[in-house]
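From first to last, the protein sequence lines stand for chains A and B.
To convert a position in the first sequence, counted from 1, into the working numbering, add 17.
To convert a position in the second sequence, counted from 1, into the working numbering, add 17.
Just so you know, not all the hints are guaranteed correct.
No copy is singled out in the list; a pair is fine if it fits within one copy or between any two copies.
Cross-link-like lysine-lysine pairs, in silico, DSBU-like; alpha carbons within 30 Å at most [to be verified]:
| no. | residue 1 | residue 2 |
| --- | --- | --- |
| 1 | Lys65 | Lys47 |
| 2 | Lys327 | Lys350 |
| 3 | Lys311 | Lys191 |
| 4 | Lys65 | Lys197 |
| 5 | Lys191 | Lys334 |
| 6 | Lys382 | Lys482 |
| 7 | Lys428 | Lys382 |
| 8 | Lys65 | Lys334 |
| 9 | Lys47 | Lys251 |
| 10 | Lys408 | Lys197 |
| 11 | Lys350 | Lys145 |
| 12 | Lys66 | Lys334 |
| 13 | Lys471 | Lys409 |
| 14 | Lys145 | Lys47 |
| 15 | Lys334 | Lys145 |
| 16 | Lys47 | Lys190 |
| 17 | Lys471 | Lys191 |
| 18 | Lys197 | Lys323 |
| 19 | Lys180 | Lys490 |
| 20 | Lys180 | Lys350 |
| 21 | Lys145 | Lys322 |
| 22 | Lys454 | Lys428 |
| 23 | Lys158 | Lys117 |
Simulated from the structure, these hints should not be mistaken for laboratory data.
Number of protein chains: 2
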Amino acid sequence: MSLPSKDNFSEWYHEIIQQAEIMDIRYPVKGLYVWYPFGFRLRNNVYKKLREIMDREHDEVYFPTLIPETELRKESEHIRGFENEVYWVTHGGNDPLDVKLALRPTSETAMYPMFALWIRSHADLPLKVYQIVNTFRYETKHTRPLIRLREITSFKEAHTAHKSFEEAEIQVKKAIEYYKEFYDFLAIPYMVIRRPDWDKFPGAAYTIAFDTIMPDGRTLQIGTVHHLADNFAKTFGILYEDVGGEHRYVHQTCYGISERCIAALIGIHGDDNGLVLPFEVSPIQAVIIPIPYKGKDEVVREASKKLANKLSDLGIKFVLDESEDRPGAKYYKWELKGVPIRFEIGPKEVESGEVVVSFRDEKRKFKAKIEEISSEVISRWASEMRERMRKKAIEMMKQKLVYPKDVDGLKELERNVAVISLCRNRECGEYVEEISKARLLGWLEETPWWVEVKEVDSCIVCGGKGSLAVLAKSY
Amino acid sequence: MSLPSKDNFSEWYHEIIQQAEIMDIRYPVKGLYVWYPFGFRLRNNVYKKLREIMDREHDEVYFPTLIPETELRKESEHIRGFENEVYWVTHGGNDPLDVKLALRPTSETAMYPMFALWIRSHADLPLKVYQIVNTFRYETKHTRPLIRLREITSFKEAHTAHKSFEEAEIQVKKAIEYYKEFYDFLAIPYMVIRRPDWDKFPGAAYTIAFDTIMPDGRTLQIGTVHHLADNFAKTFGILYEDVGGEHRYVHQTCYGISERCIAALIGIHGDDNGLVLPFEVSPIQAVIIPIPYKGKDEVVREASKKLANKLSDLGIKFVLDESEDRPGAKYYKWELKGVPIRFEIGPKEVESGEVVVSFRDEKRKFKAKIEEISSEVISRWASEMRERMRKKAIEMMKQKLVYPKDVDGLKELERNVAVISLCRNRECGEYVEEISKARLLGWLEETPWWVEVKEVDSCIVCGGKGSLAVLAKSY
Numbered sequence: 018m019s020l021p022s023k024d025n026f027s028e029w030y031h032e033i034i035q036q037a038e039i040m041d042i043r044y045p046v047k048g049l050y051v052w053y054p055f056g057f058r059l060r061n062n063v064y065k066k067l068r069e070i071m072d073r074e075h076d077e078v079y080f081p082t083l084i085p086e087t088e089l090r091k092e093s094e095h096i097r098g099f100e101n102e103v104y105w106v107t108h109g110g111n112d113p114l115d116v117k118l119a120l121r122p123t124s125e126t127a128m129y130p131m132f133a134l135w136i137r138s139h140a141d142l143p144l145k146v147y148q149i150v151n152t153f154r155y156e157t158k159h160t161r162p163l164i165r166l167r168e169i170t171s172f173k174e175a176h177t178a179h180k181s182f183e184e185a186e187i188q189v190k191k192a193i194e195y196y197k198e199f200y201d202f203l204a205i206p207y208m209v210i211r212r213p214d215w216d217k218f219p220g221a222a223y224t225i226a227f228d229t230i231m232p233d234g235r236t237l238q239i240g241t242v243h244h245l246a247d248n249f250a251k252t253f254g255i256l257y258e259d260v261g262g263e264h265r266y267v268h269q270t271c272y273g274i275s276e277r278c279i280a281a282l283i284g285i286h287g288d289d290n291g292l293v294l295p296f297e298v299s300p301i302q303a304v305i306i307p308i309p310y311k312g313k314d315e316v317v318r319e320a321s322k323k324l325a326n327k328l329s330d331l332g333i334k335f336v337l338d339e340s341e342d343r344p345g346a347k348y349y350k351w352e353l354k355g356v357p358i359r360f361e362i363g364p365k366e367v368e369s370g371e372v373v374v375s376f377r378d379e380k381r382k383f384k385a386k387i388e389e390i391s392s393e394v395i396s397r398w399a400s401e402m403r404e405r406m407r408k409k410a411i412e413m414m415k416q417k418l419v420y421p422k423d424v425d426g427l428k429e430l431e432r433n434v435a436v437i438s439l440c441r442n443r444e445c446g447e448y449v450e451e452i453s454k455a456r457l458l459g460w461l462e463e464t465p466w467w468v469e470v471k472e473v474d475s476c477i478v479c480g481g482k483g484s485l486a487v488l489a490k491s492y
Numbered sequence: 018m019s020l021p022s023k024d025n026f027s028e029w030y031h032e033i034i035q036q037a038e039i040m041d042i043r044y045p046v047k048g049l050y051v052w053y054p055f056g057f058r059l060r061n062n063v064y065k066k067l068r069e070i071m072d073r074e075h076d077e078v079y080f081p082t083l084i085p086e087t088e089l090r091k092e093s094e095h096i097r098g099f100e101n102e103v104y105w106v107t108h109g110g111n112d113p114l115d116v117k118l119a120l121r122p123t124s125e126t127a128m129y130p131m132f133a134l135w136i137r138s139h140a141d142l143p144l145k146v147y148q149i150v151n152t153f154r155y156e157t158k159h160t161r162p163l164i165r166l167r168e169i170t171s172f173k174e175a176h177t178a179h180k181s182f183e184e185a186e187i188q189v190k191k192a193i194e195y196y197k198e199f200y201d202f203l204a205i206p207y208m209v210i211r212r213p214d215w216d217k218f219p220g221a222a223y224t225i226a227f228d229t230i231m232p233d234g235r236t237l238q239i240g241t242v243h244h245l246a247d248n249f250a251k252t253f254g255i256l257y258e259d260v261g262g263e264h265r266y267v268h269q270t271c272y273g274i275s276e277r278c279i280a281a282l283i284g285i286h287g288d289d290n291g292l293v294l295p296f297e298v299s300p301i302q303a304v305i306i307p308i309p310y311k312g313k314d315e316v317v318r319e320a321s322k323k324l325a326n327k328l329s330d331l332g333i334k335f336v337l338d339e340s341e342d343r344p345g346a347k348y349y350k351w352e353l354k355g356v357p358i359r360f361e362i363g364p365k366e367v368e369s370g371e372v373v374v375s376f377r378d379e380k381r382k383f384k385a386k387i388e389e390i391s392s393e394v395i396s397r398w399a400s401e402m403r404e405r406m407r408k409k410a411i412e413m414m415k416q417k418l419v420y421p422k423d424v425d426g427l428k429e430l431e432r433n434v435a436v437i438s439l440c441r442n443r444e445c446g447e448y449v450e451e452i453s454k455a456r457l458l459g460w461l462e463e464t465p466w467w468v469e470v471k472e473v474d475s476c477i478v479c480g481g482k483g484s485l486a487v488l489a490k491s492y
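With the hints as constraints, model all of the structure from the sequences given.
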């Protein structure tokens, strides 16, 4: 088994998921996958960060997986958005159920009937909860591990309720900041994009999405933040009594991140040799490889053990690979798993009290005094590595960006991401989609520094007032 | 809202689940409940311990929720055991599915087809994995939060594979030790009972269960450990190549604990005033209540803040209740939530640098010097409290136990748990069930010290060789 070149991204992704033991794709139902132990440790490390961010101002809850059809159908726009993708439970044992039960595609209609009971007065607001759950989509398109699945195993969904549209909007901005922090932590660059009004979350007032660019030039939606206004509140009767004694509808937001964050982590940072993982989330943070040398095996082993004890004291998750494999085979194995720091110790290093250090993301090797390795040193290495990973990812994304100045320039987008000036009219939006055969992701809420266009021109279709829009093939 | 007396256990349980904000029972589907933030924090604290125990020798994984009918039906005994309780997904959107999908009632049939791919040689054994997932049972009987539900939200299931029946049996014994550690940590007494052969897990060679006694005299099964022998291995073709090159079937075990552990925690330790929670798992570990006194409010507040800072430094999850409520109302509120340690500070305490301390499980109050409160002191308080809780729980259970010496004594068991001498024949087992109108839980694997019978007589039905059996009404 060897990994295909990452230039052939689709094959590379398919293989790395299996070979690095992220997921087993052989489960006997299309679109359902098994998390291997290694993959699940990575998942847990990443979600620990997400949870830490959420816990700052949200309470964790758990709502049922099964939603009665009657509730799911209450919000008419919402159900239209999900109708074709919902899995239906129709039987318990051999009995048909009185009311069909949907496997939650998302939890608005499970939660909001309860919110109507939980919220009585302004003192109950704001309400901010989240849960990390499995959700289900009957995908008929091509499925792909972590990206397009029938059981999303790790959907973090937050739901909030507020006194007014404005307060909910402040929450939208906070959510965007939280998600930025999360993706910065993972060294994953993103664009914050307002979806077209005709492509927003079903039932929302507007949707802001996080999109990143995968190595094949397709964008991947890795997070969404929705302002729901009082749309669901009206459907589910979520009212509060304000200070004056009047009853008003709450304004709501919801925002979610799924295991696509892991897909982005793998897809963006990985290389021809395997995973490249940030130190903080890597299931194995360091590997020690003793380099045997005739007659010196014992001293090499001792020095390796000493280093192992040190890493242990520092609380680092490491492997001391004393297997019979040759060093080359060991490099190969741990590179595939994305281990960020590799230590090699041979007879020369033993003599000088040093160790050869290299990082997963670069070719450079250097020597370090074992006694000088400390928490501070490791932290510095980790954050320098993250910085390099971020820069490299941004470089990759910059190469995918094109800046057509007229509609003709949209005709041969191929696997590029186009940043154009576009007005907000649906006609113009649909026109550029038709010409480019790509999807209009929407308009940049803020322009990342690595998007080069600084001045916004008029709409490249109608010449009206434009703002920066993004067109791409998307997953 | 006030809590009914715990003497009326069923009502008390129903009320405390709501009033202490463990679960909201108003979700619009029978048998499905919503975890409130407070309840979910308790759940997370308890499962953190369970996870810590499992992580010592199991890898965490995640298998799909949806099991194709074809796999579920492969093991004929197994499916017979679950057939009437399985929820079936029959439609995706408006399309009928080719193969019906079951919502996992438990994951043997999801996991074992993959084990057949994962296990190749003796070097792959033992395999030990676990997952914490939601599982589903179409319950037609009376449902009850945490005890009998249609979506079990927090099922910890471990699955292991070994080279031989004997090695799997060693794992069974280890699992029993792990579960003992877990329930000792929660101060929940248990009986380790071997289920009758005709009442074991469908597909198992034998089943060992953990049963505890609830305050109404009904037993609650709070854990099970199954030896599966090579039954499933034969069905799913799980073979390994031994050192000699021969292919052999693995022998398997599985063992599980659900949120019934939380039901036991609440039901056994709680009292007329609310929850009583062990310090280690309580979402709020301490409360500080300033006792106001005209003209001294400021110094009392200052002293309370000082204590709060101290608890904060010690890493204790506490509340400083400075609300407008009167002290009595505050006591009531935090007792309901089971807060283990209460600190009260009035003007007298300020003068002497002391604080009034009381514990949730006893009436006693005493004074302690604030400066002497340390991690060690808190740890000692916590472990003494746990010891008291355990003793009290055992006392309660002892009172429910009866020791009939003949079958006549079984006729009026009512809400007692009978320990009798019984042989292993099915006829005798079914006879005592018929007479007592209770369930034969099985035979004690080991006799807890608080079960008084030491000598085992002959079977009280047939006079054959008996061993200690337990009969009870069970949840």
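Taking the hints in turn, this is what the structure says about them:
no.	hint	result
1	Lys65 x Lys47	within (29 Å within a copy, 33 Å between copies)
2	Lys327 x Lys350	within (23 Å within a copy, 49 Å between copies)
3	Lys311 x Lys191	neither (60 Å within a copy, 43 Å between copies)
4	Lys65 x Lys197	both (16 Å within a copy, 28 Å between copies)
5	Lys191 x Lys334	between (33 Å within a copy, 26 Å between copies)
6	Lys382 x Lys482	neither (53 Å within a copy, 74 Å between copies)
7	Lys428 x Lys382	neither (46 Å within a copy, 81 Å between copies)
8	Lys65 x Lys334	both (16 Å within a copy, 20 Å between copies)
9	Lys47 x Lys251	between (38 Å within a copy, 25 Å between copies)
10	Lys408 x Lys197	within (16 Å within a copy, 51 Å between copies)
11	Lys350 x Lys145	between (44 Å within a copy, 23 Å between copies)
12	Lys66 x Lys334	both (17 Å within a copy, 21 Å between copies)
13	Lys471 x Lys409	within (22 Å within a copy, 72 Å between copies)
14	Lys145 x Lys47	between (35 Å within a copy, 26 Å between copies)
15	Lys334 x Lys145	between (34 Å within a copy, 20 Å between copies)
16	Lys47 x Lys190	neither (37 Å within a copy, 38 Å between copies)
17	Lys471 x Lys191	within (25 Å within a copy, 65 Å between copies)
18	Lys197 x Lys323	neither (40 Å within a copy, 37 Å between copies)
19	Lys180 x Lys490	neither (38 Å within a copy, 51 Å between copies)
20	Lys180 x Lys350	between (55 Å within a copy, 27 Å between copies)
21	Lys145 x Lys322	between (48 Å within a copy, 27 Å between copies)
22	Lys454 x Lys428	within (8 Å within a copy, 80 Å between copies)
23	Lys158 x Lys117	both (25 Å within a copy, 19 Å between copies)
The earlier numbered hints that this structure contradicts are 3, 6, 7, 16, 18, 19.
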